[in-house]
Amino acid sequence: MNPKEHPIQAYLAQLSEELRGLVPERERVHLVQEQLFWLERRLRDAVLEGTPYEEACRKVVARHDSPKVLARRLAHESYEDAIDTPIYKLLGRANSTAAVIFGQANLYYLLFLQMKVYLPPSAALKSSLSPAQLREVFPEPLPFPDLSWWFLMTVGFPVVMPWVLGWLCGRMIPVGASSAVARVMALIVLSAFVLGSALLPQVEGILYALFLLVYWLPVGILTACLSSSLRRKALRHKTEAMDCRPSASHASIQEFPS
Amino acid sequence: MRKREGFLLNAGPTMMILAILRENARYGVDIARELERITTSELSFQPGTLYPMLHHLQKQGLVTSVWEDPEGGRARRMYHLTEKGRAEAERMIGAWGKYTRAVDRVLQETQKDEP
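In order, the protein sequences belong to chains A and B.
Start counting the first sequence at 1; every next residue gets the next number (the working numbering).
Start counting the second sequence at 259; every next residue gets the next number (the working numbering).
These are calculated hints, taken from the structure and not from any lab test.
You may find that some hints are simply not true.
[Said to hold, decoys possible] Under the rule of at most 16 Å between Cα atoms (straight-line distance), these lysine to aspartate or glutamate pairs were calculated in the EDC-like manner:
(1) B:Lys317 / A:Asp84
(2) A:Lys59 / A:Glu17
(3) B:Lys317 / A:Asp81
(4) A:Lys238 / A:Glu5
(5) A:Lys238 / A:Glu25
(6) A:Lys233 / A:Asp81
[Claimed, not checked] Which chain A residues face chain B? A few, computed with CB under 8 Å, are given here:
(7) His30
(8) Glu34
(9) Leu36
(10) Phe37
(11) His64
(12) Asp65
(13) Val69
(14) Leu70
(15) Leu74
(16) Tyr79
(17) Glu136
Glycine is no exception: its CB is placed at the ideal position from the N, C-alpha and C atoms.
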């Protein structure tokens, strides 16, 4: 059988490609070799059972997980193991990262809302522009814009932040970012119903929690998914460029005895 | 069912891995092959399922693994059960035995009552 057309060889090449950039190079070689070892044992079993060699090769590969699925799971393990701390061990590195990013932003916003609701109106910070200066930018009949820092923070922060935070999570978690964000946001939304109602007037509290549910949750997941996918591509390209150097070959996994 | 035994419903695959490793240290593929041999291929593990489970068990301190990197270029991890893992396996298997015996009794009793 031509090595290039060998199903196991093709499978391993695809798996290696999927893992590129997601795990350190030495680990990538080891993980691919481990799958080669797995497939060879399966192949030997199938041949001993009397299946013709070529058919056995195809069957063994067909029964194995797809390279994409397997690469994601192996890369996720590698990501989780890369840093060993008690908190990462308990909650998982991806979950902890998403929790810190989204949790902090929510905590700050909740504190800010409390100040906005309970501080006397005279204490509000105003922008340095006078009403006349504002009218130069927003002429009548446009509504008079309230460009105070309070207004910008109250409206701008919750609208912009899930995009920024989701993006940040995707950059920091190359595999499984969207599911980590989903898990963390589900907890934050649940706690927001309790904390929002306890720390804010009831209507504002419930509106805050509903806003997290219908806007932050889907936008955060979507952005994290997009961002991590782009991150994976970037990592792959970066490693491909490094592979051009003669030292980075994987000769050992190219040799499959047929 | 007592609350502390509710874990049994989701514990099957974990328990099978611990039980297989209780006999000997094994490679991932050999855990899958052993499971298939014992269950005559009724149950099987794919690597995408098995390795994350082993990883989870490692995080819990029930299993350890060592990379072996022989000359021929077939690196693989050998999985061992820790003392904690052995104790957990015994506990789970004991609870599982009680649970399945109770379920069996219910099934047998209700079968008798059928016309």
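Those earlier numbered hints the structure runs against, lowest number first: Hints 2, 4, 6, 16 and 17 contradicted; others consistent.
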